[in-house]
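*Asks:* Since the structure of chain A is already known, use the hints to place chain B on it.
There are 2 protein chains.
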Amino acid sequence: MDRENEKVNMMMGAGGRAMQDLLKKLTVNFSRRGVADIGLKELDDSAVIGQWALTIDGHTVTPYIFPGGDIGRLSVAGTVNDLAAIGSEGIAIALGIIIEEGFPVEDLIKISKSVGEAAEEAGVEVVTGDTKVVERREGGIYLTTAGIGRMHPYLMENWEIAGRRGGTPWLLDSKVRPGDAIIISGTIGDHGIAVLSKREGYGFETEIVSDVMPVNHILKSALRAGGVVSAKDPTRGGVSNALNEWAEKSGFGIKIYEERLPMNEGVKAACEMLGIEPLEIGNEGKLILAVVREKAEEVLESIKKVKGGERAEIIGEVTQDFKGVVMETLSGGLRIVDPPLGDPVPRIC
Amino acid sequence: MDRENEKVNMMMGAGGRAMQDLLKKLTVNFSRRGVADIGLKELDDSAVIGQWALTIDGHTVTPYIFPGGDIGRLSVAGTVNDLAAIGSEGIAIALGIIIEEGFPVEDLIKISKSVGEAAEEAGVEVVTGDTKVVERREGGIYLTTAGIGRMHPYLMENWEIAGRRGGTPWLLDSKVRPGDAIIISGTIGDHGIAVLSKREGYGFETEIVSDVMPVNHILKSALRAGGVVSAKDPTRGGVSNALNEWAEKSGFGIKIYEERLPMNEGVKAACEMLGIEPLEIGNEGKLILAVVREKAEEVLESIKKVKGGERAEIIGEVTQDFKGVVMETLSGGLRIVDPPLGDPVPRIC
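Top line first, the protein sequences correspond to chains A and B. Last residue of the first sequence: 1465 (my numbering), numbering continuous. Last residue of the second sequence: 1465 (my numbering), numbering continuous.
Quick caveat, the hints were computed from the structure, so don't treat them as lab data. Do not rely on the hints blindly, as some may be mistaken.
If several chains are the same, the list does not tell them apart, and a pair holds so long as it fits within one copy or across any two.
[What the hints assert, rightly or not] Straight line, CA to CA, 25 Å or less: simulated SDA-like cross-link-like pairs of lysine to any residue:
id	residue 1	residue 2
1	Lys-1141	Pro-1179
2	Lys-1123	Glu-1254
3	Lys-1140	Arg-1340
4	Lys-1336	Ile-1165
5	Lys-1226	Arg-1148
6	Lys-1157	Gly-1232
7	Lys-1140	Glu-1237
8	Lys-1291	Trp-1168
9	Lys-1336	Arg-1149
10	Lys-1229	Arg-1133
So that you can see chain A by itself, here it is in the shape it has in the complex:
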């Protein structure tokens, strides 16, 4: 396409390859000053400066109130979870609100209550904020949350148990190695399907509710067990994108087993009906961990005891037999899990 006339499209915001391509064109313009220990080069879950992690995320989910949550809870969880996925404990959140004229004040108050409750649940404090109002369109709302976290108190001990892998205790994507077990903290696809079920043009009956929740307590429990090498929160682009980032940044392969993937029946049914790949659907209350083999069972058991982690499973392992991500299907065949080009469900976060 003629570059001069190229326009932004929905795929470019969907967490897949199209977005990565766009980001490269933008970030090349930002010079590095040596401030960040982990920054734009790594494109990890959060940036790191000394003992501190920093992250930011825009939230544009529609509808802004959905089964199991709303954009307020989603924003706090999203930020706390990004901070967790690098190995930090979120402590403070900055909240930027952009609202369209005509938005019901009552809904705004509801959303702020959700923000407060989710912050309380995660143990973080909303310390500052900003509000802008733009002209009336559909009366929508966007929340952008930035968060800072401190290196998790258990991270150094955990790192010792993980054999001081990678030269840093932070849970970098690049640290996975052959033999590591891959653990997911619960069922996949709930958030995307819950949002989609209320979307105009898709609307269908389901009892599925979003999984949106802060996963910091799950991380804490896993780190205490020890041996966690890397963590991801499989939001945009889903489990597929998260696993492919690990494979790409480490240079190793990841094999998962379809039969071990925890999934609610309603999600399975909806995915079949709509022709959506459940591995590509965004989740908002899950953590995927790479754990040294000898600690995998212990980490799994510790997660299962935490609220929201009851259905955790070991879903696969890292291997040097191939590159990329491969799934052994229910029928015993092997299928390549490509990174998604974009999200099958736009604006679920």
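*Replies:* Frame of chain A; chain B shown alone:
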């Protein structure tokens, strides 16, 4: 108005009273965990946690490219300036982009270049970011920037010179006291008038360009001279809002002199033509300082030597003779400067 049917309106995002009222309804839902030393209670320029400052701002300016700058430069300057106004030196920025489908990729690249250049100018690093794409409307863009800063190296010395005012070296709004001089770093109203001149329905000829720039170098120079008690960046709601915040939070009065207000002729002419109060127009490259009387001239001279500070002036003083803000007009009369209800020019930042 019936609360159940109350809708968000443009005034609620305009930095004046209507916005303050809305914010109170929202922030009451966020509990305090003792994380922030300066937080939502103070509603100052940035939050403070230990030696660190944290701030966030959404930017929705339209048009997104305007005389003298664009939304990229504006976002970085806005965040660096909020960090400066509390007394910190910005070190890292997190950039959240929300773009509408159909936005020209070329403009997005231009904006990212402006982000990079402004960051370089201010000495900060963009360490992390996020991009979301929403459905096509007018092909617009919103940037939300969060920033973290470290306590300015000169802040403790400056505080000694300011007589350890207020029990903290941070430049809190509440610290101004009778006798303090009020200094502005340059001309007022340029940003708002420059943006407005390109706005559909307003379009007029002017040579005025936006003042958008990071003011951290001006702050540094002032702190080095010593005796700075408080600082504000007069963005939404303009100088009027900034002075009224000082008056309200300190409980003292502020008197300014119209004849001392630096203003470009083009801004004067445009304000007369449009019937806009220049004190209420947002600026994006100015700093207002409250300085102990005996250091005022020295601080003024130090600012005048910094690029962008050449037209700095002492525009008034803090007094115990009255509460609120009063201006002595050119004709020698006194006029109350009320806090603006909203911004006279919507979406200039």
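*Asks:* Each hint needs a verdict: does it hold in this structure or not?
*Replies:* Comparing the hints with the structure gives:
1. Lys-1141 x Pro-1179: The answer is between: 23 Å across copies meets 25 Å, while 31 Å in one copy does not.
2. Lys-1123 x Glu-1254: So Lys-1123 and Glu-1254 pass the 25 Å test inside a copy (22 Å) and across (12 Å) alike.
3. Lys-1140 x Arg-1340: neither (37 Å within a copy, 40 Å between copies)
4. Lys-1336 x Ile-1165: Classified as both; 21 Å inside a copy, 23 Å across copies.
5. Lys-1226 x Arg-1148: between (40 Å within a copy, 18 Å between copies)
6. Lys-1157 x Gly-1232: Between copies only: 15 Å across, 33 Å inside.
7. Lys-1140 x Glu-1237: For Lys-1140 and Glu-1237, only the inter-copy Cα distance (22 Å) is at most 25 Å; the intra-copy one is 36 Å.
8. Lys-1291 x Trp-1168: Classified as within; 19 Å inside a copy, 30 Å across copies.
9. Lys-1336 x Arg-1149: between (32 Å within a copy, 19 Å between copies)
10. Lys-1229 x Arg-1133: The answer is between: 22 Å across copies meets 25 Å, while 36 Å in one copy does not.
Checked against the numbered hints above, the structure violates only hint 3.
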